[in-house]
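Reading the sequence shown from the start, the letters are residues 1 to 309 in the working numbering.
Some hints here could point you the wrong way.
What the hints assert, rightly or not - Cross-link-like lysine-lysine pairs, in silico, DSS-like; alpha carbons within 27 Å at most:
id, residue 1, residue 2
1, Lys280, Lys207
2, Lys205, Lys266
3, Lys22, Lys2
4, Lys265, Lys287
5, Lys63, Lys139
6, Lys266, Lys2
7, Lys247, Lys265
8, Lys137, Lys71
9, Lys22, Lys137
10, Lys91, Lys60
11, Lys91, Lys71
12, Lys247, Lys211
13, Lys280, Lys60
14, Lys265, Lys63
15, Lys139, Lys247
16, Lys137, Lys63
17, Lys71, Lys266
18, Lys71, Lys60
19, Lys91, Lys139
20, Lys139, Lys60
21, Lys63, Lys211
22, Lys280, Lys139
Stated by the list, open to error - Restraint-style ranges between C-beta atoms, simulated for each label pair:
id, residue 1, residue 2, range
23, Gly204, His24, 19 to 27 Å
24, Ser5, Phe135, 23 to 31 Å
25, Ser26, Gly73, 36 to 44 Å
I should point out that these hints are in silico values taken from the structure, not numbers from a laboratory. Ideal Cβ placement from N, Cα and C applies to all residues, glycine included.
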Amino acid sequence: MKISSYANTNEPNLYQHCLPVKTHDSTVDLNIVFEDTDQAGNTLTRGTVIMTHGSPGSHKDFKYITPQLTKFGIRSIGVNWPGLGYSSNDKRLQHTNDERGQLVQGLVDTLELRQNLVFMGHSRGSEDALRRAAFNKDKTAAVVLVNPIGFSHHKGVRPFWSIQVVSWIWKSSAIFQKILAPLLYLRRDVAGNCLMTMSNTDFGKQKEFIKQLQQGDTSAVIVYSGKDHLVEPEKSQELVSYFDDIKQLTCTTELDDANIIEEAKKELNAGRRYLSVFSKRKSFLQKHRAVFLAEIISTIYRIKVECEY
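Build the full structure now, drawing on both the sequences and the hints.
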């Protein structure tokens, strides 16, 4: 099946493609729906940002960033995870990191994305972005993590054992699904898939992928908030502190935005590879720091890619 327009909604720039995914005991074909602001690949040519959302979530979690990137001539691809509302699901899926990695890599390969990549992940999707950036480090300019999970369980998944138990019961009992779905305020199938996705979070293993990135020249930008309702700032700080020689900036008010952008650009221009910004007040940073994120990605492309020619 070739890439085709996704016509089930009136949203622009949505496409679909069938991709095979190997599970623990079989191979399933999934219809993956994704946003692509330059499907032909010949207009927004400075680079490509591949975005991975949290659980629950969709490509719309990045709707404020995408137009900002377009202004800078940067292509955006928003992945929709299987069974969370857009892309299809299969009961044989376990919603593991490996399965999700296969899907993202399938899109990267199908779209022939060979250079100038940025992987951007939000919340639970930050782990996926980190893994894919490490796997594709030779063609990745940067990884951008927004309110990322850390190396230990944040409040949104505590106690973690209960997430794992409920996920297992959900997979095994249709009666339990009917009881629990209304309590989660989600469509029945989406609720279960979110639970399984969260139960497969591999917190500590992220250190391995950070080490891999630091062996190359991939940059990292981490933006996190003191007001996130799921991930405490100290959990994101765990991850920030694992990067060598990272410059940590703090934004206290909206008036700081312009100064933070200029300070971040100054650090990058001076050769700084790793940068973090802590926003004390705002949550939903994909909206409130959309301009900052786009400016920084544009700066990284200018320094690391365009200055090479």
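Checked hints:
1. Distance hint between Lys280 and Lys207 is fulfilled; the C-alpha atoms sit about 25 Å from each other, no more than 27 Å.
2. Between Lys205 and Lys266 the alpha-carbon distance is near 32 Å, which puts this suggested pair outside the 27 Å criterion.
3. The suggested pairing of Lys22 with Lys2 holds, with an alpha-carbon distance near 20 Å, which does not exceed 27 Å.
4. Of the supplied pair hints, the one linking Lys265 and Lys287 holds, its CA atoms being roughly 20 Å apart against a limit of 27 Å.
5. A threshold of 27 Å between alpha carbons decides the hint, and for Lys63 with Lys139 the separation of about 25 Å falls inside it, so the pair holds.
6. Distance hint between Lys266 and Lys2 is unfulfilled; the C-alpha atoms sit about 44 Å from each other, more than 27 Å.
7. Taken as a hint, the Lys247 and Lys265 pair is honoured in the structure, with Cα atoms around 12 Å apart against an allowance of 27 Å.
8. Among the hinted pairs, Lys137 with Lys71 is consistent with the structure: their alpha-carbon atoms are about 26 Å apart, no more than 27 Å.
9. Distance restraint check for Lys22 and Lys137: the Cα-Cα separation of roughly 23 Å lies within the 27 Å cut-off, and the hinted pair is therefore satisfied.
10. For the hint linking Lys91 to Lys60, the alpha-carbon distance of about 25 Å falls within 27 Å, and the restraint holds.
11. At roughly 40 Å between alpha-carbon atoms, Lys91 and Lys71 are farther apart than 27 Å, so this suggested pair is violated.
12. For the proposed pair Lys247 and Lys211, the alpha carbon gap of about 17 Å is at most 27 Å, so the pair holds.
13. Simply put, Lys280 and Lys60 have alpha-carbon atoms about 24 Å apart, close enough for the 27 Å limit, and the pair holds.
14. Simply put, Lys265 and Lys63 have alpha-carbon atoms about 24 Å apart, close enough for the 27 Å limit, and the pair holds.
15. Pair hint Lys139 plus Lys247 holds up; C-alpha atoms about 24 Å apart against a cutoff of 27 Å.
16. For the hint linking Lys137 to Lys63, the alpha-carbon distance of about 26 Å falls within 27 Å, and the restraint holds.
17. For the proposed pair Lys71 and Lys266, the alpha carbon gap of about 21 Å is at most 27 Å, so the pair holds.
18. Pair hint Lys71 plus Lys60 holds up; C-alpha atoms about 18 Å apart against a cutoff of 27 Å.
19. Proposed proximity of Lys91 and Lys139 is contradicted: the alpha carbons are some 34 Å apart, above 27 Å.
20. The suggested pairing of Lys139 with Lys60 holds, with an alpha-carbon distance near 26 Å, which does not exceed 27 Å.
21. Distance hint between Lys63 and Lys211 is unfulfilled; the C-alpha atoms sit about 31 Å from each other, more than 27 Å.
22. A hinted pair counts as satisfied when its Cα atoms are at most 27 Å apart, and Lys280 with Lys139 does not qualify at roughly 33 Å.
23. Checking the proposed 19 to 27 Å range against Gly204 and His24 shows it holds: the Cβ atoms sit about 21 Å from each other.
24. Ser5 and Phe135 have their C-beta atoms about 29 Å apart, which keeps the hinted 23 to 31 Å range intact.
25. Roughly 42 Å separates the CB atoms of Ser26 and Gly73, a value that falls within the hinted 36 to 44 Å.
Of the hints listed earlier, those the structure fails to meet are numbers 2, 6, 11, 19, 21, 22, in rising order.
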